[in-house]
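Q: Construct the entire structure; sequences and hints are all you get.
Here are the chains, one letter per residue:
Number of protein chains: 2
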Amino acid sequence: MADTVLFEFLHTEIVAELWAHDPDPGPGGQKMSLSVLEGMGFRVGQALGERLPRETLAFREELDVLKFLCKDLWVAVFQKQMDSLRTNHQGTYVLQDNSFPLLLPMASGLQYLEEAPKFLAFTCGLLRGALCTLGIESVVTASVAALPICKFQVVIPKS
Amino acid sequence: MADTVLFEFLHTEIVAELWAHDPDPGPGGQKMSLSVLEGMGFRVGQALGERLPRETLAFREELDVLKFLCKDLWVAVFQKQMDSLRTNHQGTYVLQDNSFPLLLPMASGLQYLEEAPKFLAFTCGLLRGALCTLGIESVVTASVAALPICKFQVVIPKS
Chain A
1 MADTVLFEFL HTEIVAELWA HDPDPGPGGQ KMSLSVLEGM GFRVGQALGE RLPRETLAFR
61 EELDVLKFLC KDLWVAVFQK QMDSLRTNHQ GTYVLQDNSF PLLLPMASGL QYLEEAPKFL
121 AFTCGLLRGA LCTLGIESVV TASVAALPIC KFQVVIPKS
Chain B
1 MADTVLFEFL HTEIVAELWA HDPDPGPGGQ KMSLSVLEGM GFRVGQALGE RLPRETLAFR
61 EELDVLKFLC KDLWVAVFQK QMDSLRTNHQ GTYVLQDNSF PLLLPMASGL QYLEEAPKFL
121 AFTCGLLRGA LCTLGIESVV TASVAALPIC KFQVVIPKS
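Residue numbers (our numbering), protein chains in the order written: chain A, 1 to 159; chain B, 1 to 159.
Worth flagging that the hints you see were computed from the coordinates, not collected in a lab.
Just so it is clear, CB atoms sit at the ideal spot from N, CA and C, and this is done for glycine as well.
Please note that a few of the clues may not be correct.
[What the hints assert, rightly or not] Simulated crosslink set (BS3-like; lysine-lysine; CA at most 30 Å straight-line): (1) A:LYS31 / B:LYS118; (2) B:LYS71 / A:LYS80; (3) A:LYS118 / B:LYS31.
[To be verified] Residues from chain A that face chain B, not an exhaustive set, calculated with beta carbons under 10 Å: (4) PHE7; (5) PHE9; (6) ALA16; (7) ARG51; (8) MET106.
A: If you want it as structure tokens, here you go:
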């Protein structure tokens, strides 16, 4: 039971620690902390990607890889599936989680929206890292219009 | 499956991050990073302590609280129980894990022993934090004589 919350507690501590010791609390410092978080997420995502069962992925489409992340990766990390996945069929995917666990501890007032990015950077990295392990280079960003709904946008450049 | 390793991956990243960005790689800097890790562990331990089932703890002895940590807390975090618990019956407890999961990724050579403390600080804090939530102030240290065997010493000052 506790390992469900263990990741969330630890993530909260990492965010708090990075912001507490940030040498530059301005936009530049914030950018560095976000980048550090994204990098940690990337490496954890890479490692997780190697351990998730991938037999069923062979010879499948890009869309199937994204579905796999929305289901298997999300369940492994957050004990729930992503709520929706949309695509323009040109390499852009929007993954929506209607109650993103890392945003749940925040009150849902609009005044907390500006705090949201620091709770999303790790997970953007996680998605990018898992995709990288699965052989797909991507750019992952996240946005929040209303807490705790979160949209992750995955853009896969055509090679 | 993956959340078993998720905590370990994330812990590894935190250690790497703290040591990579340590402003002072000397003994003073190392001490600060260890203290940061211990503090993160403490707060996670406090939070976990609040969520573990404690009904059975009411009106019990200090030793029972320690047994609870060796069993319930350890299983929640590491999916295994502590291997042994000894006490001098004067407030000192030695908890031994014969294959401590956070040390397992390290090769078992003697040359890695000096690297061990950075992989123990978080867990020392975790024990101290959980004990604190359970109403017991303590000092927790850890030592490794041969990888991956780890001893945690919990000293509870008599009030």
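Q: For each hint, tell me whether it holds in the structure or not.
A: Hints, one by one, checked against the model:
no.	hint	in the structure
1	A:LYS31 / B:LYS118	holds (27 Å)
2	B:LYS71 / A:LYS80	holds (27 Å)
3	A:LYS118 / B:LYS31	holds (27 Å)
4	PHE7	holds (5 Å)
5	PHE9	holds (5 Å)
6	ALA16	holds (8 Å)
7	ARG51	holds (6 Å)
8	MET106	violated (16 Å)
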